[in-house]
Each structure stands twice: as C-alpha cells, then as structure tokens.
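Student: Protein chains in written order, with my numbering: chain A, 76 to 523; chain B, 76 to 523; chain C, 76 to 523.
Hints are computed from structural coordinates only; laboratory data are not their basis.
Treat the hints with care, as some may be off.
A pair holds if it fits inside one copy or across any two, identical chains being indistinguishable in the list.
Calculated pairs, SDA-like style, for lysine to any residue (alpha carbon to alpha carbon, straight line, at most 20 Å) [stated by the list, open to error]: (1) LYS361 with PHE215; (2) LYS283 with THR490; (3) LYS361 with LEU219; (4) LYS361 with ALA216; (5) LYS283 with GLY442; (6) LYS361 with LEU247; (7) LYS361 with ILE445; (8) LYS283 with THR462; (9) LYS283 with ALA457.
In case you want the letters, here they are:
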Amino acid sequence: MEVLSRNDSSSASNASFKREDPLVDFKRNVDDFFLITNSIVICLMQCGFACLEAGSVRAKNATNIMMKNMMDMFICGACYWLIGYSLAFGTGSPLVGIGDYVAGRGLAAGALFSHWFFQFTFAATAATIVSGAVAERCTFASYLTYSAVISGIVYPVASHWAWSDEGWLSKLGYKDFAGSGVVHLLGGVCAFVGALLLGPRTGRFDNKTPQNETFAGHSTPLVGVGAMILFTGFLAFNGGSLGHISHHGDGELVAKVLANTALGGAGGALVTMALGRAGLAGQAGKWSFLISLNGALTGMVSVCASADQLQLWASIFLGAIAGPIYCFVSQALVRFKVHGGGGVWGLLGGAILRSDTVVAGDFGLAGLLIGYNLVGVLAIAAWAGGTCCILFGLLRRGNLLRVSQEEELEGMDRTKHSEPAYPGPPWHVKNNANAGEVFRNQAFVSEE
Amino acid sequence: MEVLSRNDSSSASNASFKREDPLVDFKRNVDDFFLITNSIVICLMQCGFACLEAGSVRAKNATNIMMKNMMDMFICGACYWLIGYSLAFGTGSPLVGIGDYVAGRGLAAGALFSHWFFQFTFAATAATIVSGAVAERCTFASYLTYSAVISGIVYPVASHWAWSDEGWLSKLGYKDFAGSGVVHLLGGVCAFVGALLLGPRTGRFDNKTPQNETFAGHSTPLVGVGAMILFTGFLAFNGGSLGHISHHGDGELVAKVLANTALGGAGGALVTMALGRAGLAGQAGKWSFLISLNGALTGMVSVCASADQLQLWASIFLGAIAGPIYCFVSQALVRFKVHGGGGVWGLLGGAILRSDTVVAGDFGLAGLLIGYNLVGVLAIAAWAGGTCCILFGLLRRGNLLRVSQEEELEGMDRTKHSEPAYPGPPWHVKNNANAGEVFRNQAFVSEE
Amino acid sequence: MEVLSRNDSSSASNASFKREDPLVDFKRNVDDFFLITNSIVICLMQCGFACLEAGSVRAKNATNIMMKNMMDMFICGACYWLIGYSLAFGTGSPLVGIGDYVAGRGLAAGALFSHWFFQFTFAATAATIVSGAVAERCTFASYLTYSAVISGIVYPVASHWAWSDEGWLSKLGYKDFAGSGVVHLLGGVCAFVGALLLGPRTGRFDNKTPQNETFAGHSTPLVGVGAMILFTGFLAFNGGSLGHISHHGDGELVAKVLANTALGGAGGALVTMALGRAGLAGQAGKWSFLISLNGALTGMVSVCASADQLQLWASIFLGAIAGPIYCFVSQALVRFKVHGGGGVWGLLGGAILRSDTVVAGDFGLAGLLIGYNLVGVLAIAAWAGGTCCILFGLLRRGNLLRVSQEEELEGMDRTKHSEPAYPGPPWHVKNNANAGEVFRNQAFVSEE
C-alpha cells in the first residue's frame with residue numbers, strides 16, 4: 076500500500092489546482108471516488124465484526140460486545156482525527172510522524188481527506204480485532220483505554236513505518252500491500268497480550284467445567300452473518316489498498332486483488348473444512364462451520380500482504396496453507412490464530428509465492444523479501460506487544476482490567492449496561508391449536 | 076443538495092448528445108456512476124431501519140415492523156414514480172412542481188434517471204422514519220396510507236421547496252446539504268404527529284405497569300446491527316448528496332463530507348455515552364448501548380445540513396451538542412428526538428459552525444443563515460405536521476388508525492399476518508450429556 | 076449482457092497497452108471500477124441468501140444451511156477458476172468454450188480479471204439458489220458435489236450459449252440482459268430437480284402432520300433481513316450487467332436498470348400482498364410478509380431479462396404479473412416459483428413489454444423475440460434439468476443423496492456439524508424484580 080502514502084502527491088495536488096489539465100483533475104476525483112466507495116464498504120466490516128463477536132459470546136454479554144464494536148468506530152474517529160493520522164502520515168522521522176495533521180489541520184491544504192478517511196477505516200479495523208479476544212471479562216474502562224491507544228497510537232506508528240514514504244520499514248523494502256502485518260498481525264498481537272494479561276474466563280480451560288456446554292457462543296447464525304459481511308468487506312479492504320484507479324492498468328490490478336482475496340479465502344475454507352472432517356482440527360469428523368469460517372478469514376488475511384503480486388493459483392495455495400496454520404496452532408486464541416497466524420504467514424509465504432520472486436526464478440529476491448518481511452513481523456510484534464504489555468499491565472496493576480467474578484457470572488449486559496440482549500418474554504410459540512392463548516398466558520403474563 | 080436539481084442541466088444533457096466533447100460525456104457517466112453507487116448503499120439503509128425497529132419492538136410485532144420497512148421501499152417506488160418526483164422536481168411554481176414527470180414521463184428525455192433513483196432512495200428514507208414511532212399499534216391500512224402520502228406528496232413538496240431551482244426555500248437562501256430538515260425533521264415530525272394521534276401503547280406511561288419489563292424491545296443485537304448498517308448508509312447518504320464527482324475538487328469534498336459524518340456520529344456517541352454513564356440520560360450510571368447508539372444517529376443527522384461546509388472539529392462539536400439534545404428532550408419519542416431534534420439542531424447549529432459564517436468572522440451571514448434555516452424549520456414542520464394531522468386525523472375519525480386492544484395484546488404478527496416472528500419450538504438446547512434426547516423430546520415433540 | 080463478453084475486446088485491450096489515448100485507457104479503468112464495485116455488492120447477496128434460507132429452516136438446521144451458503148462462494152471460486160470461466164468464455168464452439176482460461180491462464184494477457192470476477196459472482200449466485208430447495212435433508216457430500224458441478228459446469232455452459240459472442244443462443248437472437256434465464260431459471264430448475272429426487276421432508280405434505288406447526292422456518296426477521304440485502308444486491312446485479320459505464324449514455328442506462336429493478340420488485344410485492352390479503356394466495360385474508368417478500372423477489376427476477384429495454388411503467392407491470400405467477404403456481408417449491416417462474420415470465424413477458432417490440436408497434440419483432448427466448452427457456456431448462464437429473468440421480472442411486480431419517484429428525488446441526496445454531500442456555504430473562512437471580516439460577520445452571 077505504499078501508493079497510499081500521499082506525502083509525495085501534495086505537489087501534484089497543488090498543480091491540479093491550476094487546472095492545467097482537465098483530465099488529470101478528473102482522474103484525481105475518480106481516484107477519490109474509488110477510495111471513498113471502498114471506505115464505505117470497509118465501514119460495514121464494523122457491523123461484520125460486531126455480528127461475528129456477538130454470536131461468539133454468550134447471550135449475557137452480547138450487548139456489551141456489540142457496544143464495543145460500535146464504539147470502536149467512533150473512538151477511533153476521534154483519536155485518529157486528533158493524533159493518529161499525524162503520527163502515521165506526518166513528516167518527521169523514520170520512526171514516527173510529527174504533528175503536521177494534529178486535529179485535522181493541513182488535511183484540506185494537502186487534499187488528503189480521502190486518504191484520511193480510508194486510513195481511518197483501517198485504523199478502526201485494527202482496533203476492532205481486539206474486542207473479541209478479551210470479551211466477556213474486560214472492563215469497559217479498559218476497553219475505552221485500549222481502543223483509544225491502539226487506534227490513536229499503536230496502529231498509526233506501525234503504519235508510519237510501513238506505509239509512509241519515510242518509514243523505516245518502507246525504506247528497508249518491507250512489502251505489505253493491504254496490511255497482513257500492519258493491520259492483522261498488529262491487531263492479533265494486541266489481542267493476544269490483552270487476553271494473556273486478563274486471563275481466561277472463569278472456568279475456561281478448567282477440568283471440571285464442561286467446556287463446550289459452558290462457553291459456546293450463543294448464536295451460530297449471527298457468527299455466520301458477520302463472517303459473510305467480513306468476506307465482502309475484505310474485497311474492498313484489499314482492493315482499495317491500491318489507493319488509485321486511474322493509472323494505467325489499475326482496474327485490472329484491483330480486479331486481480333479481489334480475485335486473489337476470494338481465492339485465498341477459498342483455499343483456507345476448503346482445506347480447514349477437510350481437516351475438520353478428517354478429525355484433524357479439534358472436532359471429531361464433523362463438517363465444522365466455525366472452523367471453515369475461520370479458515371476462510373485466515374486465508375484472506377494471509378493474502379493481504381501480496382494480493383497485488385500473486386497469481387490466482389498462488390492465492391489458493393497461500394490460503395490453503397493458512398488453513399492448517401489456523402488449525403494446528405491449537406492452544407492459541409481464535410483471534411490470534413486468524414489475524415496473527417494469517418498475518419505472519421501472509422508476509423513470509425507471500426514473499427515466496429508472489430510472481431516476482433520464486434515463481435520468476437529469482438531466489439535472491441525471495442530471500443531478501445523474506446528477510447525484510449521477517450524484520451517487519453518482529454518489529455510490529457515487538458511494538459504492538461510492548462505497548463500492549465504496558466497498557467494492559469498498568470490497567471491490571473490498577474485493578475481496572477477485569478470485571479469482578481460476580482459480574483462475570485451475571486454477565487455484563489445486566490451489570491454494566493442494564494440492557495440484556497434479549498429482554499422480554501420468550502419469543503417462541505408452541506404451535507398448537509390454541510397457540511394464541513398459550514402465547515398470551517405464558518409469555519406476556521407481565522403485561523396484565 | 077441544490078446541485079442535485081438538474082432542471083438546469085437538461086440543456087447540458089442535450090448538448091452531450093452531440094458528442095462534442097468526449098470528456099464531458101464521460102464525466103456525465105461517472106457522475107451517474109457516483110449517484111448510482113451511493114443509491115445502492117442507501118437502499119441498504121432500509122435493511123438497517125428494519126433491523127433497528129424490529130429489535131426495538133416486542134417479539135409479537137417483529138414480523139409486522141419488518142414488513143412495513145420492506146414495503147416502504149416498494150410503496151415509495153410506485154408513488155414516487157407516479158407523482159412524487161413530478162411534485163418535487165417538475166417545473167411550475169415555488170410551492171410545488173407540476174406534472175412534468177408524472178408516471179415517469181420525461182425522465183428519458185431529460186436524462187434524469189440517476190437523479191430520479193437517488194431521490195427515490197431519499198423519499199423512501201423519509202417515509203421509513205415513521206414506522207418505528209407508530210409501531211405495535213398502527214393498523215396496516217393506516218400504514219399503507221401514510222407511507223404512500225408521505226413518500227408521494229409530503230416529502231416531494233418539501234424537497235421541491237428546498238432542492239429544486241425554483242423552490243421558495245431554495246431561493247430564500249435556506250441551506251440543507253443532505254436533508255437535516257427535508258428528510259429528518261420532516262420524517263421526525265410525521266412520526267411525532269402519528270404517535271400523538273395514535274396514543275401510546277396500552278399500559279405505556281402507566282404507573283401500574285412495569286415499564287422496562289413490559290416494553291423493552293426483544294433483541295438488542297438486532298438493534299445494533301441495524302444501527303451499524305445505518306452508520307454505513309449515512310456515509311453514502313451524505314456523500315452522495317453532492318450529486319456529482321467530476322467537478323474540480325469534488326472527490327476531496329465528498330471525502331470531507333464522509334469524515335464529517337463519521338465524526339458527527341463520534342461526537343454524539345461519545346457525549347451521550349458519557350452522559351448515560353454519569354446518570355444524566357435516563358439510566359443510572361450505566362454504559363448504555365441504546366443511548367449511545369441513538370446519540371450517534373442524532374449526531375449524524377445534525378451533520379447533514381452543513382456536511383459540505385464544516386471543518387472536522389466543527390462536526391465533532393456539532394455532534395457533541397446533538398447528544399445532550401437527544402438525552403434531555405426526555406419525554407419525546409425516540410424517533411422524534413433523533414430525527415427531529417437532530418434535524419433542527421443541524422439546521423441552526425450548522426449555520427453557526429460552518430466555515431463561512433462565525434468561523435470566518437462573518438456574523439452577519441451567520442444571522443441571515445440562521446434566519447433562513449429557521450424559516451425552513453418552521454415551514455417544513457408546519458407542512459409535515461399539518462398534512463399528517465389531516466391524514467392521521469381522518470384515519471382516526473374513521474376508526475381506521477389503531478388496532479383493537481385485543482389485537483394489540485395478542486400482537487400483530489399473529490392477528491394481522493398469521494406469521495409469528497419466531498414460530499416453531501424453542502431454539503435452545505440444554506447442553507448436558509443427553510442433550511440430543513432432551514432436544515428431541517422437548518422441542519420437536521410436535522414432529523411425532 | 077452480451078456486452079459483458081470481452082472476447083472481442085482483447086484487441087482493444089492490447090491497443091490500450093500502447094497508451095495511445097490516455098482517455099481510452101482511463102475509461103477502461105473506470106469500466107473495471109464499475110464492474111468491481113458492483114461485484115462487491117453482489118458478493119453481499121451471498122449473505123442475503125444465507126439469512127433468507129437460515130430463517131426459513133428450523134433451528135435444528137440453521138448452521139447447516141448457513142455453512143452451505145458460505146461455502147458456495149468458495150467452492151464456486153475454486154471451480155470457476157479451474158474450469159468454469161474457460162467453459163463459459165473460452166473460444167471453441169457455439170456449445171461450449173474450450174480451455175483457453177483453465178486454472179486462470181490467459182486472464183492477465185486478455186485483461187479479463189474484472190470480467191472474471193464479475194462472472195464469478197454470477198456463478199456463485201446461480202449455485203446458491205439450490206441450497207434452499209434441498210434444505211434440511213440433503214447430505215453434505217451431495218451438497219459439495221452439486222455446488223461444484225453447477226458453478227463449474229452447468230452455469231458456465233449456459234452462460235456460454237447466451238453471453239459469449241459465439242454462443243448459439245446469443246447468435247440466434249436470445250436476449251437476456253441480466254440473467255432471468257441463465258441465472259434464475261437455471262438455478263430454479265436445478266433446485267426443482269434436486270428437490271424432486273430428494274423427496275419432501277419427512278412428514279411434509281402428509282395429512283397427519285400439522286404442516287405450519289412442523290415446518291415453519293424458525294426466524295421471520297432473519298428471512299426479512301436476507302430479503303432486504305437481496306433487494307439491494309439485485310440493483311448491482313442488474314445494473315452491473317451492462318458491463319461498462321464509459322460509453323455514451325451508460326450512466327443513464329444503468330440508472331434506468333436500477334429503477335426498473337426496484338419497480339419490478341414493487342409491482343411484485345404490491346400485487347402479491349393484495350392477493351394474499353384477498354385470500355387468493357394461500358393465507359386466508361392476511362397481510363403476508365413472506366408472500367409479499369417472495370413476490371418482490373419474483374418481480375425483480377422477471378425484470379432481469381429486459382431491464383435495459385423496459386420503460387418504468389412496463390417494469391411495474393411485468394412485476395405485477397410476476398406476482399400472481401408466484402402465487403398461483405401453488406404446489407411448486409418456493410425457490411422454483413421465484414427463480415423459475417420469475418425467470419420464464421421475464422424472458423417471455425419481457426419480450427412483449429420491452430420498448431422496441433409491442434410498445435413500438437413492432438409485433439413481428441415481438442414474435443421473433445418470444446420465439447428466440449422460448450428456445451432459450453427450453454434449452455436452458457433441458458440442460459439444467461438433464462445434468463441435474465444425472466447428478467442427483469447418481470447420488471441417489473449411490474445412497475448418498477439424503478440423510479437418514481434419524482439425522483433428519485435430530486437435525487443436521489448436531490449430527491453433521493456438532494454445532495447447534497443456538498447453543499447455550501435460553502436467552503430470555505423473566506423481567507421481574509429479582510431477574511438477576513432467576514436468570515442465574517435458571518439459565519446458567521451449567522456454569523456452577
């Protein structure tokens with residue numbers, strides 16, 4: 076996504092104000108239109124994450140997790156406006172941008188609004204990955220803190236490294252087209268550290284508590300709806316990462332990115348489904364929906380880094396390997412496996428499978444790129460892990476990190492929000508002759 | 076949205092048929108593409124409203140409200156085709172358009188299809204706002220009537236005033252970029268009048284009925300999904316209101332509108348969340364999801380009127396003030412607070428906060444604009460309120476407005492539709508050793 | 076959709092690589108952008124189908140049907156990449172394309188990625204229509220087989236006939252703008268044959284089993300959400316079928332297609348709603364949500380074939396006739412009525428109502444077109460029916476087609492997936508004074 080950096084384009088933008096060439100001016104508008112449209116679809120991913128995570132938790136915490144996903148967009152909006160974009164795309168140093176764009180200043184002069192908005196949707200995505208991993212036990216104050224810090228500082232700094240012209244990873248030769256590392260690995264590591272410092276839910280990984288019975292999410296269809304919205308959103312996420320549509324060949328390239336995204340997902344979904352059926356992925360010989368779904372997501376995550384450089388077969392292959400990576404990293408958190416495992420594999424495996432390295436016979440370049448991307452993996456993991464250790468560590472030391480066990484058992488919807496996810500009487504109706512009466516008598520007794 | 080009026084563009088359109096300038100011809104296509112794409116996203120808002128409202132009612136009325144939201148799109152389509160667009164954008168007088176486009180005539184000649192479709196999605200939105208406010212007690216016949224009248228007459232006339240070249244509000248100087256007044260205030264007032272003449276649900280605001288227990292909506296996650304779809308749709312709603320993407324600077328301007336929309340929502344969400352937590356918004360010291368969500372929507376509504384003229388900080392501020400407006404208008408209907416309160420504040424507060432008035436030191440212009448917009452507020456409220464008083468008043472006099480108390484208690488899904496929202500046996504499974512048996516015995520007993 | 080065939084455009088594409096004309100090059104990019112954007116929205120239709128079908132089955136099979144809808148996208152991706160696109164758009168013969176594009180070869184050279192991706196979303200749609208009709212009793216192995224065969228062979232061959240330059244239906248004069256026949260009739264016939272060879276669900280159409288009580292879907296709101304996503308997706312499906320946006324008049328034409336799609340849905344929805352209310356569509360005198368919703372879908376399907384050639388009134392009329400066709404084909408499967416009935420009516424009725432035949436007084440052309448389209452109907456039905464008879468017949472003979480009666484009664488979510496749709500304790504909370512205690516005691520007893 077190096078092209079998304081527009082530090083170099085402000086001169087072009089100024090030039091365009093002279094209206095020298097109407098075609099150049101028009102192309103600029105269409106490029107913005109392209110970014111805007113993809114940004115809108117990416118915003119819908121917040122709804123996808125919300126559904127996925129709400130379906131994955133128990134009914135007593137569904138309002139809580141919906142609210143966290145909803146607020147991520149708004150907390151990120153405020154923090155990315157205030158400081159985030161400036162840290163990411165301000166000029167300054169290879170390590171961090173300085174305050175060129177604090178509180179939105181300078182965006183108008185630089186014609187950077189469409190870039191800002193697109194990057195904002197990325198920052199919101201990075202922050203949203205965390206909520207699922209710390210669900211059902213993280214306090215709301217902790218949530219507000221980490222959401223602000225990740226979208227306002229942690230993600231922006233990493234994106235400065237990789238996607239601004241002067242970032243050190245960018246200069247080194249690190250390649251991450253749509254964020255396998257910058258978005259997904261980063262989000263996955265934050266999620267991992269948060270979950271580690273929080274500890275598991277009470278009774279989780281406990282020999283005497285029946286695990287599936289106690290910890291199963293409350294609505295598989297809601298998980299499915301979320302995943303399918305995410306699949307759609309991923310197309311815009313990866314496709315939009317090119318950043319423009321008016322250069323020679325852009326349309327075809329973006330279409331190839333979309334095809335690679337879908338096929339990476341296909342590789343991941345088909346292989347994990349088969350592994351699950353073969354009893355190699357946790358469930359004994361079943362066609363697991365949830366495993367297949369997470370396999371598809373892991374495949375799509377792994378395609379991000381090189382989506383512009385992969386041939387279609389290579390995407391299927393990349394996704395197909397991402398599947399087992401998801402399945403066999405068996406003790407880790409789901410979120411970490413999908414985003415962290417998929418992200419690392421995307422950066423390293425993608426460096427091998429892209430068209431200009433091993434496929435083209437250039438093993439030297441492959442080695443270099445693996446090296447650069449490995450540096451990126453380590454740097455991003457260290458940065459995200461380090462800042463989150465401090466962040467979550469301080470919250471933990473202050474006894475602010477985790478809710479009380481009473482609240483956890485009761486569920487956060489009642490204790491923190493007074494808004495049960497499903498208030499009111501049972502929905503269901505015994506479908507027999509006098510259903511109406513039964514319905515009224517049993518269910519709406521409180522109405523008399 | 077004055078630019079959306081294309082009365083003046085038919086000559087340009089005719090010119091383009093001569094193919095004098097291929098770039099002009101192409102730009103016209105891309106402008107249409109821009110409108111089309113945003114229209115499609117706005118159509119998804121119907122799904123958002125449906126989810127929001129279905130989650131907000133009790134399970135016994137969920138089918139009913141889903142159906143009303145679905146049919147709004149189709150009733151509006153038929154009425155807007157037959158008469159609505161003609162009243163809105165036909166030439167004739169400052170008060171109302173005449174029959175230039177009745178039953179779709181003249182659209183092809185004027186190259187107006189993309190404008191028609193975009194405006195149709197706006198009309199459907201205006202009509203859809205009402206259904207939530209009159210839910211759970213309004214007859215289906217009343218619904219059909221008001222949906223047709225609002226989308227075919229009430230909204231079109233107001234949009235003629237504000238958005239056609241010859242409309243009197245437009246000529247006066249009223250500024251309403253994306254419909255704080257024309258869509259939201261109008262819809263909010265219609266909703267308010269409808270609810271007023273219907274009266275509250277049986278037992279609502281009644282000292283002996285436990286309010287929260289009896290009237291809580293049945294699915295908070297469904298409300299959340301709806302809201303998050305609406306947030307996404309709002310971006311296209313406000314962004315698309317520019318009406319074109321090919322003029323110099325359009326891309327940046329639309330991106331700024333999107334950023335303003337998201338940040339207006341952020342202001343509203345963050346402030347209402349804090350007020351709720353502080354015990355100042357109805358719930359005692361809780362992190363209220365529903366209050367925050369409505370705060371976000373109110374913030375977005377308030378940004379509509381001046382989204383093209385606000386700096387980013389001003390949007391946050393506008394949304395932040397919209398929050399308390401939502402919270403403190405405490406006795407009014409939720410729908411009215413969001414759309415009515417947000418709409419009025421958007422027209423007046425936006426006149427102050429936009430870049431060319433107070434911010435630029437031009438207090439005179441600010442005063443004028445507040446005056447013009449206040450005239451618009453009063454005129455739109457009077458028009459919508461007056462027509463709806465007649466409409467709902469006649470329905471009430473004819474005893475057609477409200478369902479019987481029996482039907483209300485039983486729920487409309489059974490009495491009006493014979494389609495309970497959740498038919499069949501309970502979904503849930505006791506997760507114990509012999510779950511399968513329990514499941515089969517308890518739940519599917521009717522299958523033997 | 077003949078324009079979607081780009082066999083003829085490879086020369087233009089090669090020309091564009093010379094960069095002779097920057098405007099031509101740019102137009103090509105914008106055409107790709109148009110296809111890409113619509114493709115992304117069409118992908119969301121998979122989520123729509125998933126919700127529609129999951130809500131229509133019983134809770135014990137909801138995970139199963141969600142998984143099938145999710146995997147359709149990925150199975151189709153793999154098969155369409157491997158062989159499907161080659162059969163559809165490879166050169167070779169009027170009957171079938173040969174291996175020009177096997178496993179994605181040749182796509183880059185031909186600049187065909189955006190065409191590939193758009194067509195892939197169509198193939199996935201065709202395959203997805205089937206799952207609802209064979210729900211709750213089809214084995215997973217059968218599902219995998221038919222999904223691969225339909226998206227990899229059956230649909231591609233039919234689309235070669237109708238939409239490639241050398242296809243025999245295309246040369247004959249068959250007109251099917253957006254797939255009334257190629258997508259919907261084909262999908263509907265496959266669904267019909269599958270359901271026929273599977274036989275009905277145990278107890279279905281059985282005098283002693285109470286039908287509504289036993290076979291009602293489990294969530295009407297989920298059906299509604301699915302339908303409303305599909306309405307939105309249909310706009311992109313039909314609009315995108317033009318295949319380009321840069322030719323003179325394209326923007327207006329696509330907007331007209333969108334308006335026709337919405338109005339065809341309106342005709343279908345309003346007429347079926349009225350028929351249902353009048354007691355003429357199965358339910359006695361009720362406002363049926365499900366009938367209206369299927370009427371709207373049938374109307375939209377019927378508009379596909381001639382969406383580019385219909386005046387707005389003609390779309391309403393076409394949809395309005397599609398309504399009764401849906402209602403009165405009363406013994407057939409819902410899926411077959413919507414997609415099959417709507418598809419056939421679209422091909423024949425559309426030939427009458429389009430602007431250049433009867434409306435223009437050219438009865439001869441109308442007759443010819445009816446004839447050509449009737450040939451198409453018969454050919455597509457024979458092809459889809461024949462291949463599916465073999466496919467499902469072999470599966471049936473091998474005893475692989477249908478699950479055991481035990482599994483059917485228990486539900487597939489537990490037996491095939493070990494993933495009940497709604498695991499965990501009941502969601503609902505008795506809203507009384509000591510709700511917390513009751514909630515904890517009753518619901519989360521398994522947590523102790």
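Student: For each hint, tell me whether it holds in the structure or not.
Tutor: Structure-based check of each hint:
| no. | hint | in the structure |
| --- | --- | --- |
| 1 | LYS361 with PHE215 | between (37 Å within a copy, 10 Å between copies) |
| 2 | LYS283 with THR490 | neither (26 Å within a copy, 26 Å between copies) |
| 3 | LYS361 with LEU219 | between (39 Å within a copy, 14 Å between copies) |
| 4 | LYS361 with ALA216 | between (40 Å within a copy, 12 Å between copies) |
| 5 | LYS283 with GLY442 | neither (49 Å within a copy, 71 Å between copies) |
| 6 | LYS361 with LEU247 | neither (46 Å within a copy, 49 Å between copies) |
| 7 | LYS361 with ILE445 | neither (36 Å within a copy, 49 Å between copies) |
| 8 | LYS283 with THR462 | neither (35 Å within a copy, 54 Å between copies) |
| 9 | LYS283 with ALA457 | neither (36 Å within a copy, 60 Å between copies) |
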